[in-house]
Each structure stands twice: as structure tokens, then as C-alpha cells.
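Undergrad: Residues per chain, in single letters:
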Amino acid sequence: MNGMKKKIALIVFSNDMDKAMAAFILATGAASAGMEVSMYFTFWGLSLLRKKKIHCKGKTLIERMFGWMLPEGPDGAVLSKMNLFGLGTAMMKRVMRKKKMLQLSDLINIAQSLDVKIIACSTSMEMMGIKQEELLDTINVGGVATYLAEASETDINLFI
Amino acid sequence: MNGMKKKIALIVFSNDMDKAMAAFILATGAASAGMEVSMYFTFWGLSLLRKKKIHCKGKTLIERMFGWMLPEGPDGAVLSKMNLFGLGTAMMKRVMRKKKMLQLSDLINIAQSLDVKIIACSTSMEMMGIKQEELLDTINVGGVATYLAEASETDINLFI
Amino acid sequence: MNGMKKKIALIVFSNDMDKAMAAFILATGAASAGMEVSMYFTFWGLSLLRKKKIHCKGKTLIERMFGWMLPEGPDGAVLSKMNLFGLGTAMMKRVMRKKKMLQLSDLINIAQSLDVKIIACSTSMEMMGIKQEELLDTINVGGVATYLAEASETDINLFI
Numbered sequence: 193m194n195g196m197k198k199k200i201a202l203i204v205f206s207n208d209m210d211k212a213m214a215a216f217i218l219a220t221g222a223a224s225a226g227m228e229v230s231m232y233f234t235f236w237g238l239s240l241l242r243k244k245k246i247h248c249k250g251k252t253l254i255e256r257m258f259g260w261m262l263p264e265g266p267d268g269a270v271l272s273k274m275n276l277f278g279l280g281t282a283m284m285k286r287v288m289r290k291k292k293m294l295q296l297s298d299l300i301n302i303a304q305s306l307d308v309k310i311i312a313c314s315t316s317m318e319m320m321g322i323k324q325e326e327l328l329d330t331i332n333v334g335g336v337a338t339y340l341a342e343a344s345e346t347d348i349n350l351f352i
Numbered sequence: 193m194n195g196m197k198k199k200i201a202l203i204v205f206s207n208d209m210d211k212a213m214a215a216f217i218l219a220t221g222a223a224s225a226g227m228e229v230s231m232y233f234t235f236w237g238l239s240l241l242r243k244k245k246i247h248c249k250g251k252t253l254i255e256r257m258f259g260w261m262l263p264e265g266p267d268g269a270v271l272s273k274m275n276l277f278g279l280g281t282a283m284m285k286r287v288m289r290k291k292k293m294l295q296l297s298d299l300i301n302i303a304q305s306l307d308v309k310i311i312a313c314s315t316s317m318e319m320m321g322i323k324q325e326e327l328l329d330t331i332n333v334g335g336v337a338t339y340l341a342e343a344s345e346t347d348i349n350l351f352i
Numbered sequence: 193m194n195g196m197k198k199k200i201a202l203i204v205f206s207n208d209m210d211k212a213m214a215a216f217i218l219a220t221g222a223a224s225a226g227m228e229v230s231m232y233f234t235f236w237g238l239s240l241l242r243k244k245k246i247h248c249k250g251k252t253l254i255e256r257m258f259g260w261m262l263p264e265g266p267d268g269a270v271l272s273k274m275n276l277f278g279l280g281t282a283m284m285k286r287v288m289r290k291k292k293m294l295q296l297s298d299l300i301n302i303a304q305s306l307d308v309k310i311i312a313c314s315t316s317m318e319m320m321g322i323k324q325e326e327l328l329d330t331i332n333v334g335g336v337a338t339y340l341a342e343a344s345e346t347d348i349n350l351f352i
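Residue numbers (our numbering), protein chains in the order written: chain C, 193 to 352; chain E, 193 to 352; chain A, 193 to 352.
Heads up, some of the hints might be wrong.
Copies of the same chain are indistinguishable here, so a pair counts whether it falls within one copy or spans any two.
[As the list claims (entries may be wrong)] List of simulated lysine to any residue pairs, SDA-like, C-alpha gap at most 25 Å: (1) K198 to S344; (2) K244 to M293; (3) K199 to G335; (4) K290 to M227; (5) K199 to A223; (6) K285 to E345; (7) K309 to A341; (8) K273 to T315; (9) K251 to A341; (10) K309 to L279; (11) K199 to G334; (12) K199 to K323; (13) K323 to A223; (14) K285 to L262; (15) K292 to S314; (16) K199 to V270; (17) K273 to M283; (18) K273 to M293.
No lab work stands behind these hints: they were computed from the structure.
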């Protein structure tokens with residue numbers, strides 16, 4: 193393995209703010225250190241890639257309902273614990289701003305500018321009725337085979 | 193590593209329907225692609241392997257209580273988010289049926305027919321008072337040493 | 193890889209009793225089997241390393257609030273499911289005592305005596321306003337770069 197670039201592949205299953213931050217801190221840290229990074233967004237994690245107020249036509253009622261209930265992008269993400277009806281999440285965001293730490297949306301922008309490969313899981317998109325136009329422009333769509341082919345060649349694999 | 197079969201080892205800790213589906217989609221996808229797959233079911237994940245209405249005798253009161261409270265197999269699994277007292281889970285299952293997507297119980301059957309190795313964690317079985325007769329017939333029982341020996345030789349390791 | 197020690201790196205993100213036990217059962221099992229083990233405690237996981245009743249001065253109000261709300265060490269950890277306002281966790285601990293199984297605090301002691309490397313995530317410490325004096329004496333502090341450098345050389349990587 194000498195001389196080759198190290199690789200990391202992350203499955204982002206969760207859309208909790210804290211877990212998403214952990215994923216993007218790892219991804220941007222790895223990309224800055226010269227590693228090749230790919231992130232696979234599946235199930236709830238997909239909602240982190242949603243644009244705001246973009247809704248496709250031709251959806252069934254249940255698909256529209258998923259659309260209303262899922263957060264739109266990183267700003268809708270809340271803590272997995274101590275959310276306290278939004279208070280805990282707001283407190284944490286305030287602390288991070290005061291300490292000049294990066295917010296989740298900043299980390300996503302940085303990841304994109306560092307060429308982190310962002311892949312949306314096609315099965316999850318179908319299950320939740322999410323179309324590619326509703327997601328960030330720079331993403332790719334892929335299935336489980338795409339993930340397995342890449343992940344089996346990486347040095348670090350995590351399910352977040 | 194050329195010429196050798198790729199391997200993947202999954203720890204299934206959760207019994208949430210969504211996480212269990214992610215685990216079995218990865219497992220069946222990998223097995224179909226010719227990879228060697230082993231899945232280690234531990235803690236709550238064990239309940240995914242339970243047969244319905246099989247209860248062993250000679251259990252303590254607390255063990256019987258765990259038995260009542262834990263879901264019996266995949267049909268009792270619910271979403272980790274947006275379950276909404278069962279409504280969200282029912283909606284998701286309906287969407288999947290309409291789109292002719294495989295349900296969790298189908299995926300478990302396919303995994304077994306593709307020779308995915310299914311291992312129940314012996315420590316968790318003891319902790320929850322679950323006996324082997326209560327679990328699917330095709331499983332093996334193993335401890336942390338079994339897992340570590342195999343996982344340290346695989347290409348992909350995930351904790352789900 | 194023949195002849196070299198196998199390595200495992202665990203990210204402990206959660207402070208749930210069940211997930212923390214899974215992490216320490218893997219860590220102590222691996223260390224007993226002669227593997228090199230490192231555990232990175234981040235976000236909620238940090239609270240597992242807190243000493244009881246040690247509070248540093250010079251904290252902001254919000255940092256003191258995090259201090260009050262986060263559990264102090266392993267004894268404050270509760271189950272991720274079926275906690276039932278503490279009843280489920282108490283039941284599980286009672287079962288474990290009766291079966292002479294190790295408790296979480298025992299596992300942490302054993303991990304330390306087996307030279308498991310315990311690293312507290314510096315970013316999470318800053319975010320939650322936790323100082324090193326509040327954490328176990330034997331730990332190291334490290335950032336994402338520390339983790340990535342080590343994890344990319346290990347045989348098993350998990351995010352718990």
C-alpha cells in the first residue's frame with residue numbers, strides 16, 4: 193500500500209446534527225490530509241442533501257408527506273440527544289458560533305470544495321420519493337454495488 | 193489481495209427497521225457480488241433473529257419480561273425515527289409494497305439463501321436470556337473472539 | 193500483514209450504556225487477544241470518561257449547563273432503548289450482576305489495565321466546554337488528524 197493515497201468511505205445513514213457533524217469533520221479532515229473521501233448518503237442521511245423549497249411535481253400523497261416531514265438540508269438537523277424541543281440544538285449552535293467553530297452547512301460547503309465525493313443512495317431516493325433535482329447539484333447517485341466496489345478498496349469504512 | 197474474494201463483516205447492534213434494512217441490503221448486495229459476508233447480531237439486533245411464539249421454559253421473571261418486550265423477528269421492527277406510534281413504519285412498509293421493494297423479512301430469507309453467515313452473539317444471548325431454540329435455525333452462535341478473528345481479515349467492517 | 197499485530201480503532205460517539213458496553217467488550221476482547229486497540233471518544237461519548245464531581249472553574253453558563261446535563265462517567269449511562277425512565281437500565285444492570293457479568297465501569301478499568309489507548313476528541317471537548325482535568329487521568333487528547341493517521345493503518349474500524 194506504500195505510496196498510494198489513503199482512502200475513506202463513510203455511510204451517512206443518520207440526519208442528526210451531531211452525527212452529520214462527525215461525518216463531515218472526518219470527511220473534511222481526511223480530504224485536507226490528502227486522503228480520497230467518499231460519502232454515501234442513505235435513508236435519513238439523504239435529507240442532509242436536500243435543497244430548500246425545491247419540490248418536484250408528480251409525487252404521490254405519501255411521497256409529499258415524507259417531503260414535509262423530513263428536514264430540508266443541514267439547517268433542519270437537530271441533535272440526537274438533549275434536543276429538548278429544539279432548545280438543546282439552538283444552545284449547541286450558539287456555543288459553536290461564539291467559539292467560531294464551523295457549522296454543519298459550512299462543513300458541507302468545504303467538503304464540496306475539497307472534492308469529497310458525495311453519493312446519494314438510489315434505493316433510499318426511491319423509497320422516500322426524493323428526486324435528484326431536489327438534492328445538491330454536485331452529488332452523484334449510486335446504489336449498493338457502487339458503494340461496495342469502492343468501500344472494499346478503502347482503508348477506513350464507517351457507518352454513521 | 194488480488195485474486196482473493198472480498199469480505200465484509202457487519203455488526204448488527206440495532207433492531208430498528210431502517211438500520212436492519214440497511215444491513216441486509218448491504219449483506220445481500222455483497223453476497224450477490226460474490227463477496228463473503230458475515231453478520232454478527234448483538235444486543236437489540238438479536239431480536240431480528242427471533243422466531244415467533246417460541247418461548248423456552250426455565251426462564252427467570254426478568255428474562256420472560258425481556259421476551260415480552262423485545263420484538264419477535266423482523267415484523268416487529270419499527271423505524272428509528274418518525275415511527276409516530278407505528279404510523280410512520282406502516283406508511284413506509286406500504287410505500288415499499290407499492291413500489292415492489294423487498295421487505296425486511298424477504299431480505300433475511302435472501303441473505304440465508306445466499307449463504308450469508310449469520311452469527312448470534314453469545315454474551316447478548318446470556319444477558320437477555322435468549323436461548324438458541326428461540327432463534328432462526330440456520331444461525332451460528334459466537335462470541336467476541338469469533339468476531340474479531342474474522343473481522344480482522346475483512347475488507348469492510350461496519351457497526352450498524 | 194503476516195507477523196504484524198492486528199489493530200482496531202473504535203470511535204465512541206454514543207454514551208448509551210448498551211453501545212458503550214459493546215465498545216468496551218470489543219476493546220477488551222481485542223486487547224486480550226493481543227491486538228493493539230485505540231478508542232476515540234467524541235461528542236456524547238466523552239461523558240463516559242468524566243470523573244464524578246470534578247468541575248473546573250472559569251466556565252460560561254452554557255458550559256456549566258452542559259456539565260449538569262451530561263452524565264458523569266459510566267454510572268450515569270442509560271440504555272438506548274427500553275430505558276423506561278431508568279427501570280429498563282436498572283433491570284439490565286441487575287441481570288448482569290446476578291449472572292456475574294462485568295459492568296461498564298469494570299470494563300473501563302480492564303481496558304485501562306490492558307493498555308487500550310483512550311483518546312478524548314479535542315474538538316468535542318471545546319464544543320462542550322469539558323477540560324482535561326474533568327476526565328480520567330490515563331487518557332490522551334487528540335484531534336481528527338490523530339484519529340485518521342492511526343485508523344488508516346488498522347484492520348478494524350468502527351463508529352459506535
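Undergrad: Which earlier hints can't be squared with this structure?
TA: Those not satisfied are hints 4, 6, 9, 10, 12, 13 and 16.
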